[in-house]
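Trainee: Start from chain A and add chain B according to the hints.
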Amino acid sequence: GNSVTQMEGPVTLSEEAFLTINCTYTATGYPSLFWYVQYPGEGLQLLLKATKADDKGSNKGFEATYRKETTSFHLEKGSVQVSDSAVYFCALSGLPSGAGSYQLTFGKGTKLSVIP
Amino acid sequence: NAGVMQNPRHLVRRRGQEARLRCSPMKGHSHVYWYRQLPEEGLKFMVYLQKENIIDESGMPKERFSAEFPKEGPSILRIQQVVRGDSAAYFCASSPQNIRAQPNQPQHFGDGTRLSIL
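Going down the list, the sequences are from chains A and B.
Numbers given in the numbering used here equal positions in the first sequence, counted from 1, plus 11.
Numbers given in the numbering used here equal positions in the second sequence, counted from 1, plus 2.
Worth flagging that the hints you see were computed from the coordinates, not collected in a lab.
Mixed in with the good hints there might be a few duds.
As the list claims (entries may be wrong) - In the SDA-like style, the derived pairs of lysine to any residue whose C-alpha atoms are separated by at most 20 Å in a straight line are:
hint : chain 1 : residue 1 : chain 2 : residue 2
1    : B       : K46       : A       : S90
2    : B       : K46       : A       : Q56
3    : B       : K29       : A       : L57
4    : A       : K122      : B       : G44
5    : A       : K119      : B       : E43
Looking at chain A on its own, in the form it has when it is part of the complex (with noise of 0.2 Å):
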């Protein structure tokens, strides 16, 4: 089935440094693959997403490039603010055809803390 998994956090860092989560999946054909954060006492929102090989998907200064022969989707940031502080989760979407395609399969999570 379906797995993704992602380091283990908490993840610490001080205001301006560089940001790497890393992601890696197991599934078979080509699944859809996402970036979501959740901020404190809030829901998932979509930060960003690729759904094929080589795509990058980019959004508020973080990006992250869908590698198919690594089965990877690394999360980055050049230079994160305290703001970012949250808990970021990857996750993916199955095939087009046959059952579960709908079913999103997430990581365990990966908590940032940014301090000033």
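Mentor: Showing chain B alone in chain A's frame:
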């Protein structure tokens, strides 16, 4: 948060009681998904519904849990005879179209209901 409304935000129940969680999808969305988030875990798919139909309930526990999405009104996730292990955050998401037909579209999430069992 993107228009998906869940209520209540927090729900406290004693063991053996019933819990009802409500979800109103974004305007124009007719597909609803329920997920459960246990502490320190990612979200796990529970059930996918369209208006008046359950499409996939493969992630639902076999007993005590049920879901509906009537023609009028919100989607309801119902947990009967709650136990301590039901304590979790329950999230609802919606999409405008059948994701099976368009798997690349994202699901839009509500802020969740945090269920605590005493």
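Trainee: It remains to establish, for every hint, whether it holds in the given structure.
Mentor: Structure-based check of each hint:
no. : hint               : result
1   : K46(B) <-> S90(A)  : violated (31 Å)
2   : K46(B) <-> Q56(A)  : holds (16 Å)
3   : K29(B) <-> L57(A)  : holds (18 Å)
4   : K122(A) <-> G44(B) : holds (12 Å)
5   : K119(A) <-> E43(B) : holds (5 Å)
Hint violations for this structure: number 1 only, all remaining hints satisfied.
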